[in-house]
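Student: Required output: the full structure, derived from the provided sequences and hints.
Protein chains: 2
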Amino acid sequence: MALSKRCVYGLRALIDLGVAQRMDRDVVRIQELAEGENIPEKFLEQILMQLKHAGFLESVRGKYGGYRIRTPMDIIRFGDVVRLIDGPLAPIACVSQTAYEKCSCPDEVYCGLRMVMLDVRNAIANILDQYSLKQVVDLAIKKMQDDSVRVPFTEGNWFEALQGVPLKKTLSKENPQRRKKSASTKA
Amino acid sequence: MALSKRCVYGLRALIDLGVAQRMDRDVVRIQELAEGENIPEKFLEQILMQLKHAGFLESVRGKYGGYRIRTPMDIIRFGDVVRLIDGPLAPIACVSQTAYEKCSCPDEVYCGLRMVMLDVRNAIANILDQYSLKQVVDLAIKKMQDDSVRVPFTEGNWFEALQGVPLKKTLSKENPQRRKKSASTKA
DNA sequence: GACATCTATATCGATTTAATAGAGATTAAA
DNA sequence: TTTAATCTCTATTAAATCGATATAGATGTC
Chain P
62 MALSKRCVYG
72 LRALIDLGVA
82 QRMDRDVVRI
92 QELAEGENIP
102 EKFLEQILMQ
112 LKHAGFLESV
122 RGKYGGYRIR
132 TPMDIIRFGD
142 VVRLIDGPLA
152 PIACVSQTAY
162 EKCSCPDEVY
172 CGLRMVMLDV
182 RNAIANILDQ
192 YSLKQVVDLA
202 IKKMQDDSVR
212 VPFTEGNWFE
222 ALQGVPLKKT
232 LSKENPQRRK
242 KSASTKA
Chain R
62 MALSKRCVYG
72 LRALIDLGVA
82 QRMDRDVVRI
92 QELAEGENIP
102 EKFLEQILMQ
112 LKHAGFLESV
122 RGKYGGYRIR
132 TPMDIIRFGD
142 VVRLIDGPLA
152 PIACVSQTAY
162 EKCSCPDEVY
172 CGLRMVMLDV
182 RNAIANILDQ
192 YSLKQVVDLA
202 IKKMQDDSVR
212 VPFTEGNWFE
222 ALQGVPLKKT
232 LSKENPQRRK
242 KSASTKA
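Just so you know, the protein sequences line up as chains P and R, in that order.
When you line the first sequence up against this note's numbering, it's residues 62 to 248, in that order.
When you line the second sequence up against this note's numbering, it's residues 62 to 248, in that order.
These are computed hints drawn from the structure, not numbers from a lab.
None of these values were measured; they are calculated from a predicted model.
Incorrect hints may have been included.
For lysine to any residue, the following SDA-like pairs were computed, each having C-alpha atoms within a straight-line distance of at most 20 Å [what the hints assert, rightly or not]:
id, chain 1, residue 1, chain 2, residue 2
1, R, K66, P, P133
2, R, K203, P, P167
3, P, K66, R, S65
4, P, K103, R, K203
5, P, K66, R, K204
6, P, K203, R, G140
7, R, K204, P, Y171
8, P, K204, R, D168
9, R, K163, P, S65
10, R, K163, P, P167
11, R, K204, P, D168
12, P, K66, R, E102
13, R, K66, R, V142
14, R, K66, P, K204
15, P, K66, P, Q92
16, R, K163, P, D168
17, R, K195, P, Y171
18, R, K103, P, S165
19, P, K195, R, K203
20, R, K124, R, V142
21, R, K66, P, G97
22, R, K195, P, R175
23, R, K203, P, D180
24, R, K66, P, M176
Covered stretches of chain P (chain R as the covering partner; in silico rule of three or more C-beta atoms under 8 Å from a C-beta of chain R) [stated by the list, open to error]:
id, region
25, 85–91
26, 94–103
27, 106–114
28, 123–132
29, 153–166
30, 184–194
31, 201–214
Partial list, derived from the structure: chain R residues whose beta carbon lies under 10 Å from chain P [said to hold, decoys possible]:
id, residue
32, M110
33, G116
34, C166
Here a beta-carbon is modelled for each residue, glycine too, at the ideal position from N, C-alpha and C.
Tutor: Shown next, in the form of structure tokens:
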């Protein structure tokens, strides 16, 4: 029942980009995402393209380009991302809601395995289609803030500062910006 | 999140053998299982060997040989069979109870993906480790009987009769046997 | 001894996975 | 206008896995 690395990498990148958005960071370079998550850069490149083509992300080309989330985060369900990259959630095709396929068993109606796997499919889908990216990102950020752990992509990030990557517009310490509720950087 | 065909075939064969046991059929030939479930015979052969080595099945060699269930059916959990054939139930190794492995993310504690996938793992395990083979076999048989559908491996099975396969001991029509509650063949 | 059946191992082709490579397009900035 | 940084696109590849097939052998029944 394991997810592919491709899928895991994609989800981790999405969460990172979600955190970045919450922290008012504009775009994030592939390289930065790859290094932060220990993902081979060229591999991540392909995955981000796929997420972009599916509408979840958008990109800015050229110098100081990068990726950002496009679809509102409360619309992005984990289930949809997994379906995109790894295919149906169902353990067997004959219980899939989105990609049903008849199996080779003699009679689906009396197939004991199907009964069990239908439960499993529903359990998986109930979770993955319930969680939105927003929920998970908010939860992760809150946990870090509660524990006084530095949240990635926070403004004033020393690493980014050293790299000279501009924030929302210019230096946001002197010129603070807020697009949404702008989670405050505690600790 | 799909199971391998190997795993599905193995589970279907186990259920079949469970039904056979309930119907007081002694051993079942690989060929019969393979034909009944539309599984390539030589492939099923390997799978049954694996289930035998794991202790779930036992075999009788030679003419009139075949396979039967060894472990009591209420002890065989679907989760254990899936783990045997397809590996851990968890979508990602860092939430596996039986095969934990550290992942490449920067910090497990604040990994949003891990939080979600831990829920998924638990949901899957709660179902697959809850269902025993006995439960599922009983349920499937009951459903067939309620609908007056012929249960496979029932004594007096015309096909088996034609094949000349002996039942528990001799002809069980004249010499009926019952080992457990012996589900009655309705219709 | 003939035959039916499981046992064991090896092989094979196709597919998928995880990655790598490299040339090109676009943009910002010097 | 050049340069450097970045995304874009396609191709390639190495390894693993999957699903299946083949074949020779062991074992038991009749």
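Student: Among the hints numbered above, which are violated by the structure, and what are their numbers in rising order?
Tutor: 1, 4, 5, 6, 10, 12, 14, 16, 19, 20, 21, 25, 27, 28, 32, 33
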